[in-house]
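Novice: Here's the letter readout for the chains.
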Amino acid sequence: MNEKKSWLGRALSARGVQSVVTAALGFVLLFIIFCILSPQFRSGNNIQNLFRQIAPTMIIGIGQGFVLITGNIDLSIGSVVGMACMTAGTLMSNGVNPWVSCLIALVMSLAIGLVNGVLVAKVGLPSFIATLGTMTLARGLAQLVNNNHNTNFIGNTAQGFRDMLYYNNFLGIYSTVWIAVILWVILWFLLSKTRTGRHIYAVGSNLDAAKLSGVNAFHTILITYMVSAFCSCLCGLVLLASAGMGTMDAGTTYEMYAVAACVIGGISTLGGTGILAGVIPGAGIWGILQNGLQFVGAPVALRNIIIGIIVIAAVMLDVVARTGRKKPKAK
Amino acid sequence: MREEILRMEHILCTEGGALNYLSLQIFRGEIYGILCLENQGIDKLVELICWNRPMENGQVFFGEKLVNSVQESSGTRNKVTVIGRQSRLIDGLTLADNLFVIREGFRRHVIPDRAVQTETASVLKQYGVELSPKTRVKDLGNYHRLVLEVLKSVIVGDRLTILWEISDLLSAEELPRFHSLIRRLADQGSTFLYIYSHHEVLRPVCDRIAIFKGNTIEKVLTVQSTIREQIQTVYARYCYEKFISIRKDMEEKPRGSEVLCLQKVSFGNIHELSFSITKGENLLLFDQSNTILDELIELLLGRETPESGNIYPVLSAKTRGKTIAVIQRNPVSSTLFPELSYLENLCFPLAEKVPYFWQKVKFRRSVLREYREEIGPVINAGNLYGLSTKELYTLVYYRYLISKPDVVVCVQPFAELDMYLRGYVGELMSRLHRNGTAVLVLNTELYDTLYIADRLIQVEHGRIIGEYTRECFDEVKLAQPVIFPD
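If you read the sequences in order, they're chains A and B. Residue numbers for the first sequence follow my numbering, so the first one is 1 and each next one is one higher. Residue numbers for the second sequence follow my numbering, so the first one is 1001 and each next one is one higher.
With the rest of the complex left out, here is chain A (with noise of 0.2 angstroms):
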């Protein structure tokens, strides 16, 4: 029973490894076929820029991988996203102070983070109800707080807080990269060295037996959703310091992109399984196919459709892989 393997073999049978590795090489394929069909793709400039926006996808499906693992979704993030960009907008555009402005976005959208967790966890309503309901009402605080307008420009005094999220570039990488890089070793941290991250995999794995065993699936919940809010926001805020302006339709199908992003890379929908890691690839494919097929020249609809395929390939691999028993080998 306890064979030896070698320290690949340990690594590549870790929990959802292989999703990662098989999105990782799909990602370095893509990646070249790129390089070969277009030397725009391949320059210095739109490398940089590349990483640049896969950033705040990555971000995103952070925050949305928290939620899966548990077996829900959450289908506000796109609307957090823009609530959390038009609130801080508004405030900089009026001369609050850019720091005080976004910890004002920070609370509304843990504000809604929390209504998320409270209607999932304790009320019961279905995730894809409840974050529908949430989409709709974030989206609306976002049209609200300026008016039904776009924001102005958030102002001179608001460039350091732009520069911070967006501008600044250290040892040739973008902050927002560093931004989405830091966060995520925080929040893989969280998910796979405590106790916390283990019973998110336990609710998302079956969740009677999680409460059988004394995990508190309400805690655990509304924490997934308040960091899924926190990663939102995080989004938002990098997309105004990116225009320097707030768009009432900030992260409109960001959700979407949060979701194929986290498929991709191996969290499952259905809960339970998937590692963060997998996120950082699933991102890259996303951000490679939309900035990579904009440069060979294909239409905005061509690339839709191919995006949508390979997110419902993903999710059918996943299922398949769930699902479908293994025919076992006569001995």
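Where hints are given, some of them may not hold.
Computed far set for chain A versus chain B, every beta-carbon distance over 12 angstroms [what the hints assert, rightly or not]: (1) Leu110; (2) Tyr167; (3) Ile173; (4) Ala313.
List of simulated lysine-lysine pairs, DSSO-like, C-alpha gap at most 30 angstroms [said to hold, decoys possible]: (5) B:Lys1390 - B:Lys1219; (6) B:Lys1138 - A:Lys193; (7) A:Lys211 - B:Lys1065.
Derived Cβ-Cβ restraints for the label pairs, each shown as a range [unchecked claim]: (8) A:Arg42 - B:Thr1118: 48 to 54 angstroms; (9) A:Gly124 - B:Thr1014: 25 to 31 angstroms; (10) B:Lys1079 - A:Val319: 38 to 44 angstroms; (11) B:Val1354 - A:Val296: 55 to 61 angstroms; (12) B:Asn1142 - A:Leu25: 35 to 41 angstroms; (13) B:Asn1142 - A:Cys35: 51 to 57 angstroms; (14) B:Val1354 - A:Leu29: 50 to 56 angstroms; (15) B:Lys1079 - A:Asn148: 55 to 61 angstroms; (16) A:Leu25 - B:Gln1086: 39 to 45 angstroms; (17) A:Ile312 - B:Val1110: 37 to 43 angstroms; (18) B:Thr1118 - A:Asn304: 50 to 56 angstroms; (19) B:Glu1173 - A:Leu25: 40 to 46 angstroms; (20) B:Glu1272 - A:Arg42: 58 to 64 angstroms.
Hints in this document: simulated from the structure, not taken from any laboratory. Cβ atoms here follow ideal geometry from the backbone N, Cα and C, with glycine treated the same way.
Dock chain B against the given chain A, drawing on the hints supplied.
Specialist: Positioned in the frame of chain A, the structure of chain B alone reads:
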């Protein structure tokens, strides 16, 4: 003086299952068996052991402290683990996580992975479980899952472990191993309440056996030397006599032509399996290592094709599904549709055979006319909620009495049934037999099923190791001391 773990005195509950002045006392280090002649009330008993919920009379002492009485029911949970009906294991996590991390009382926020794994390895080694701490629970079989649940209950410090109908999950080979583990743990001070409806399973391992009947404990058998005789007196009245009369009925029916034949079929754990079954025959396939049942069902239903060998008649998966019906273990939950009416459920397999069945009311009317008298007024029920287990089992078997498939495969037909219902299900199986349908019983144990079988095929690790006709069944009993200790 022995330390008392649980004492229930004159418990009366009239709602939610009902208990009728039940008294029970269990001591530390004891394996206390409850032999269920009737299951009614057993759910409530387990609930009241686990939770201090309101009752109409009596008191409950847990760990020598009064925890529940008519005057005060706190609603709190006692330190009790229930194993069998619901698992506490998380499939996606490792053994180490399941044993030491996912439990009440684990307070550390950052998990010391190595320490937890070392600790797990040492516990597993101590109890002779040859598994790596990193193994994921989803990769374990029933035996190891049960062992893990028992070890978890010991680790979390629960004072009483209830083993509830677990033996159906274990093969004849695994059962004695499991029993020796719980005996070892009991000798070290763990306490077990073992609920089951076969005295053959309880007797070799339990210190005392209580007979549960009529919503209460009727009698507690304490002296080991007389337990056998005392139980058999009760048992014969309830079960054997019933099965003997069923058997007599079945012998009158002549056998027909061959309806299913497997020739040297290999697939997965199945190795060169050959047998055939004729119309009106009751064949018992006893898989004593519990390795082939799922695969065999897939093959019989045509969802998988054999790696080698043949299954006759050669039919497509769709046609095979119409000629071979499978009644799964616990068929009430796996085959019925509670929202649909009794009649709709009854006609479901028939509708697969008869074109435009649901469009033409005359078909349903005809079924209703023909079976109303036999089944009773329950046939008019609008849904299945609130029906008794007996009525639901009647529905399950009548579905195939009506649709008349060539072969009905019954998988562990008596699992989780009390003595009374086992006799009734035996009777339903004999009706299939009278109908001319071949019945193939797949089981991992021999109790009861042997009484109604015409022929027995014994399989070990996927290979046939013996085939017996009814006249040779005494040989089988002698060869299976674990199952037939007498």
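Novice: Could you tell me whether the CB distance from B:Lys1079 to A:Asn148 stays inside 55 to 61 angstroms?
Specialist: This hint holds: roughly 59 angstroms between Cβ atoms.
Novice: So the hint says 39 to 45 angstroms: do the beta-carbon atoms of A:Leu25 and B:Gln1086 match that?
Specialist: Holds - the Cβ-Cβ distance for A:Leu25 and B:Gln1086, about 40 angstroms, lies within 39 to 45 angstroms.
Novice: Do A:Ile312 and B:Val1110 keep their Cβ atoms within the hinted range of 37 to 43 angstroms?
Specialist: Given range 37 to 43 angstroms: holds, Cβ gap about 38 angstroms.
Novice: Beyond 12 angstroms from chain B, beta-carbon-wise, is A:Ile173?
Specialist: A:Ile173 clear of chain B: closest Cβ-Cβ about 29 angstroms, beyond 12 angstroms.
Novice: Taking the CB of B:Asn1142 and the CB of A:Cys35, does the distance hold inside 51 to 57 angstroms?
Specialist: Distance hint for B:Asn1142, A:Cys35 holds at roughly 52 angstroms.
Novice: For the range 48 to 54 angstroms, tell me whether the beta carbons of A:Arg42 and B:Thr1118 fit it or not.
Specialist: Given about 49 angstroms between the Cβ atoms, the range holds.
Novice: Quick one: are B:Val1354 and A:Val296 within 55 to 61 angstroms, going by C-beta?
Specialist: 58 angstroms, holds
Novice: Minimum C-beta separation from A:Tyr167 to chain B exceeding 12 angstroms: can you confirm that?
Specialist: The claim stands: A:Tyr167 keeps its Cβ more than 12 angstroms from every Cβ of chain B (closest is about 36 angstroms).
Novice: Look at the Cβ atoms of B:Thr1118 and A:Asn304 and judge whether their distance stays inside 50 to 56 angstroms.
Specialist: Holds, at about 52 angstroms.
Novice: Starting from the hint 58 to 64 angstroms, judge whether the C-beta atoms of B:Glu1272 and A:Arg42 obey it.
Specialist: Because 59 angstroms falls inside the window, the suggested range holds.
Novice: Is 25 to 31 angstroms right for how far apart the beta carbons of A:Gly124 and B:Thr1014 are?
Specialist: Holds: the Cβ-Cβ distance is about 30 angstroms, inside 25 to 31 angstroms.
Novice: In this structure, is the beta-carbon distance linking B:Val1354 and A:Leu29 contained in 50 to 56 angstroms?
Specialist: Given a distance of about 54 angstroms, which is inside 50 to 56 angstroms, the answer is holds.
Violated hints are absent here; each numbered hint is respected by the structure.
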